[in-house]
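Spelled out, the chains give:
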Amino acid sequence: KAGVTQTPRYLIKTRGQQVTLSCSPISGHRSVSWYQQTPGQGLQFLFEYFSETQRNKGNFPGRFSGRQFSNSRSEMNVSTLELGDSALYLCASSRQGSTNEKLFFGSGTQLSVL
Amino acid sequence: AQSVTQLDSQVPVFEEAPVELRCNYSSSVSVYLFWYVQYPNQGLQLLLKYLSGSTLVKGINGFEAEFNKSQTSFHLRKPSVHISDTAEYFCAVSDWAGGFKTIFGAGTRLFVKA
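Those protein sequences? They're chains A and B, same order as listed.
Quick note: the first sequence, position 63, residue 63 per our numbering, numbers continuous.
If you want our numbering, it's the position in the second sequence, counting the first as 1, plus 1000.
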């Protein structure tokens, strides 16, 4: 069974640009969560999608958005990039998005904003 | 809302020595707790989880954790570490506040020295 796949693996952008990251969950998983990881800050929750609906959102500005498609694949978009957006963006999936389930993580997309 | 505090940002230890990584969580009616490990340039993977029942939970790679409700702690232990255990370890708690999310601590970097 294929794991969680994130593309691209690395991205370099300049301030003011926008970026779209992609995540394909494990087959059969309907919940996809996104996290931002920076040194010293740990993982900060961005949002969670289940069956194409955003069920929860973290404390990030509106420049961060996402969506989920009918096949459970998810994308997140960051508009008007800032230097502080440089981070590892991790996607995680689970079957039902229940609190007793473990998360399966992708390897992440390393975003560098210059 | 739930929160997680990892009390040590870095833990250096010699090979074959025991180690304890400390984690405290905010109290709630019911709590599901997790420990994840992140090896360099990889996503996170589950070490172990506590859902209910026995307070001593055994995980992969010889790790175990003890759930202590009175002290709101979930410390991770290993009796004898290996060089290959060098990684970052994250304590996490699942929350359902209007929607599913997993909240992570800031992480503890375990560095095993020869």
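Treat the hints with care, as some may be off.
[What the hints assert, rightly or not] Subject to a maximum C-alpha distance of 27 Å in a straight line, what follows is the list of computed DSS-like cross-link-like pairs (lysine-lysine):
1) B/K1113 to A/K1
2) B/K1049 to B/K1069
3) A/K13 to A/K57
4) A/K102 to B/K1069
5) B/K1049 to A/K57
6) B/K1069 to A/K1
7) A/K102 to A/K13
8) B/K1069 to B/K1113
9) B/K1058 to A/K102
10) B/K1069 to B/K1058
11) A/K57 to A/K102
12) B/K1049 to A/K102
[Unchecked claim] What follows is a set of in silico ranges between Cβ atoms, one per label pair, in the way DEER data are often shown:
13) A/G62 to B/S1003: 18 to 26 Å
14) B/P1018 to A/T38: 47 to 55 Å
15) A/Q41 to B/F1111: 14 to 22 Å
Worth flagging that the hints you see were computed from the coordinates, not collected in a lab.
Where is the CB? At the ideal position from N, CA and C, for every residue including glycine.
Here is how each hint holds up against the structure:
1. B/K1113 to A/K1: violated, 35 Å
2. B/K1049 to B/K1069: holds, 15 Å
3. A/K13 to A/K57: holds, 25 Å
4. A/K102 to B/K1069: holds, 21 Å
5. B/K1049 to A/K57: Status holds; Cα separation ~24 Å.
6. B/K1069 to A/K1: violated, 37 Å
7. A/K102 to A/K13: violated, 32 Å
8. B/K1069 to B/K1113: Roughly 33 Å between the alpha carbons, so the hint for B/K1069 and B/K1113 is violated.
9. B/K1058 to A/K102: holds, 15 Å
10. B/K1069 to B/K1058: This hinted pair holds, its Cα atoms lying about 17 Å apart.
11. A/K57 to A/K102: Holds, because 19 Å separates the two Cα atoms, which is no more than 27 Å.
12. B/K1049 to A/K102: holds, 8 Å
13. A/G62 to B/S1003: 18 to 26 Å: 24 Å Cβ-Cβ, so the 18 to 26 Å window holds.
14. B/P1018 to A/T38: 47 to 55 Å: violated, 31 Å
15. A/Q41 to B/F1111: 14 to 22 Å: Between A/Q41 and B/F1111, where Cβ atoms are some 20 Å apart, the hint holds.
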